[in-house]
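Enquirer: Each chain is listed here by its residues.
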Amino acid sequence: MSGGGARAVAFLRHHRPALVGTVLVALVLLTAAGGPAVIPHAPGDVFERFAEPGGSHPLGTDSQGYDLLARMVYGARTTLVIAVASMTLSLVLGTLVGAVAGFAGGVADMLLMRGVDVAMSFPSFLLAMVTVAVLGPRLENVIVAVGLVGAPVFARQVRAEVLRVVSEEYVVAARSLGLPATRVLFTHVLPNSLGPVIVLGTLGTGSAILSVAGLNFLGLGGDPYRVPEWGLILTQGWNKRPDANLQVAVAGLAIFVTVLGFNLLGDGLKDELDPRTRRR
Amino acid sequence: MRRWTLALLLALAACNGDSQDGTGSGGGIGRVDASALVTIVTADDAKVLDPHCTSDGGNSKVIHQVFETLVRIDPADVNRLIPALATQWETAPDGLAVTFTLREGVTFHDDAPFDAAAAKLSLDRLREVGFKLSSAPYAPEFQDVASFDVDGARLVMRLRAPVARVALRNLSMFCSSIVSPRVIEATRGLDPDAATAYVTSHPMGTGAYRIETFDPAAKQATLTANDAYWGGAPTVRRLLFKPVSDESMRTEYLTKAAGHVLVDDVPRQHWDAVQASGTMQLQAWWALNVCYLGVNADHDATRELDVRRAIQLAVEREPVVAHYDGTARPTFGLVAQPMAEYDPALRPPGWSDDPAERRKAAAALIEKARAEGRVVTVYHPQQPRPYLPRPQDIADTVRQQLKAIGLDARIQSEDKSVLFPGVATGKYELVLIGWTTDNGDPDNFYGPLADGLDGRPGESNTSRVVNADVHAKLLAARQYDEPARRVAAYREIERILQTDVAGYVPLVNTQQAVAFSKTIHGLEVDATGHYRFDRATLE
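Here the protein sequences line up with chains S and X, keeping their order.
Oh and the first sequence: position 174 is 174 in the working numbering, straight run, nothing missing.
One gets the working numbering by counting positions in the second sequence from 1 and adding 1000 to each.
A portion of the hints provided could be inaccurate.
Some chain S residues well away from chain X (every beta-carbon gap over 10 angstroms; in silico) [as the list claims (entries may be wrong)]:
id	residue
1	V38
2	V46
3	P58
4	F122
5	V130
6	D223
7	N239
Partial list, computed: chain X residues near chain S (C-beta under 8 angstroms) [what the hints assert, rightly or not]:
id	residue
8	T1279
9	D1393
10	D1396
11	T1397
12	I1411
If you're looking for bench data, these hints aren't it; they were derived computationally from the structure.
C-beta atoms are modelled at their ideal positions from N, C-alpha and C, and glycine is treated no differently.
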């Protein structure tokens, strides 16, 4: 464990972008976790509409009289939870499909991967929009849509890794010992194929945040006042410019910083964990 | 960036228009004297020009220029009807018949003469008497009419009950347009959809403009002046209807368009720009509408009268009005505020002028009904409506107010294609919705919104109950023609509804606006939002 920690510190020391990314992500996580304890208001408290920034409203209030700081801080939670949930859905679904395709091969591989090809031939954001439009404009459905649309990338990556790993000697050994296929897959193949997946997951979290915010900005996230979410806060402000210029700027900046953080961190992890880049 | 994209799109749209005109039959707009052309930019496009088969606003804008009705709403006074194809009308002493004297020497665009038989044919078709229509949205409005009879040169409307006032009002709606009898006769034997298509492709009315080109696929209609118009040949020679559904694209026409332009349904945020522009002028008026919170008396969440009365007291108008940027005013009755029947003094039972007292009284009612913490959901249309420009924000404001009296209020948006039918099935306990009248009669509010047939609520009645007393009084009120009596009757109905049913909370009455070039003079816009160019002149 301490060896891993030392390795992480060494990695961050020589990889500046990853350091910046880590700091940004940590900042956002800290805000989401600890922010609600230090801010003066709850996101549902109602005050005067469009109050100027200052006093107990450092960022002012919005068109509904809600404290913008409170909504941004609680919004960090929602945004992160939705992004991580959809990313997890992509990861689990994609890993399953990719692992089965790569491990089973033959007809199953062909069918599954042609399905993945079809899914990837659509522009992913458009596909997500269509999915939410069909399911109905709700935050839950945004998670499902972003999760489904993100899965094919994972499936492809995992399949490639599985194909590489199955020909390794320890897998051949496990097979020749007569272990059942599922055990070989889950104890020997998958754990050794997941490095690149973690990289993809980190990078994907950034783009998931962007997709979620985008879908919510387009009004596909449903009721903007049920829970505060950055994309929804941005839309609400966008329709009320110039009264809500600050709201647009703050929400936009928060999304930008978070996505940048995850992308920098993901890039760093890629350099560190991806076997192809590491060997260079 | 956005501006450039818009500019590019506009340029493309313009190119598209040119090529169409170049290849079209009747000569291009580009080649016609542009000084006599007015471009009308609307939100919705026209698809059907058969006035008897549609209730769509986009269609009605074009239909209004091409077809005429027997009577018309006075643009200067919504409570008055003025002659159109009928020069005068007289109600029989028993109130069961109205005799119309018709304008002489009027011909349709296909040269067929206008007479009583022609009027009867159209009015029968609209009511599906002797015809089967693809859709007859206004036929139920005419259920009190027994028949239209030709009496020499005159037309007699016979009624089942003495409801002449409402029946006359209904004849001012665009659905009551008179279509050339030659066209109608040609549709006999066609199936309903084909008949509508035939009328749409042969739109022969008596109006000041005739259709020159109309292609629903191209979403554009050009109209040319009818020189044989009974009111005299119009000075404005041509009208071009150009639907632009995107709001920001539409408002580009406010500042960028050349020539004479009219832009329909201008959103509030552009009013100042129009007034400052120097080339455009704005005409805004209090529309004949109401935005209200429907409260379902036949739903578990709002079944107790105390709960509904509490909601009546809890919802404050001022915070709702704040969302309209000065284009709305608080309203306390279901009927549109500009109408004489609106009672400015009426307040719901338990009212106090102090908002804090009202909230306290409402909270006490909730406590009495043991409804603290009860989950209630305010449903609202996802898309903005003319009376509801920011549905989510306004719904959320209503939610805040309900929360303040102890209810666990939520909001939920629904597509309007789901919401409106949902109202009819009584699915929603609370629904944020509104109504705009087509004919300016109070019966057109209370009939659809608070009444029903055989004790069953009508499909737009959000309270989902029919109060027997209200029903009887509405039947009686339809028969009152004398203004003072009529006003008193509807104000009494409103009072009973607020006291005994508490099935809605009227919120606001809103303004509507059109913008047009300062070079257009004498344009008539009536309170229902319809405009007429026949007496307009251009600089």
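Enquirer: All hints are to be evaluated individually against the structure, with a verdict given for each.
Expert: A quick look at each hint next to the structure:
1. V38: With a cut-off of 10 angstroms, S/V38 remains clear of chain X, as the shortest Cβ separation is near 25 angstroms.
2. V46: violated, 5 angstroms
3. P58: holds, 22 angstroms
4. F122: holds, 24 angstroms
5. V130: holds, 15 angstroms
6. D223: violated, 5 angstroms
7. N239: violated, 7 angstroms
8. T1279: violated, 24 angstroms
9. D1393: holds, 6 angstroms
10. D1396: Nearest chain S Cβ about 4 angstroms off; hint holds.
11. T1397: holds, 6 angstroms
12. I1411: This hint holds: X/I1411 lies near chain S, its Cβ roughly 5 angstroms from the closest one there, short of 8 angstroms.
Violated hints, in rising order: 2, 6, 7 and 8; the structure is consistent with all others.
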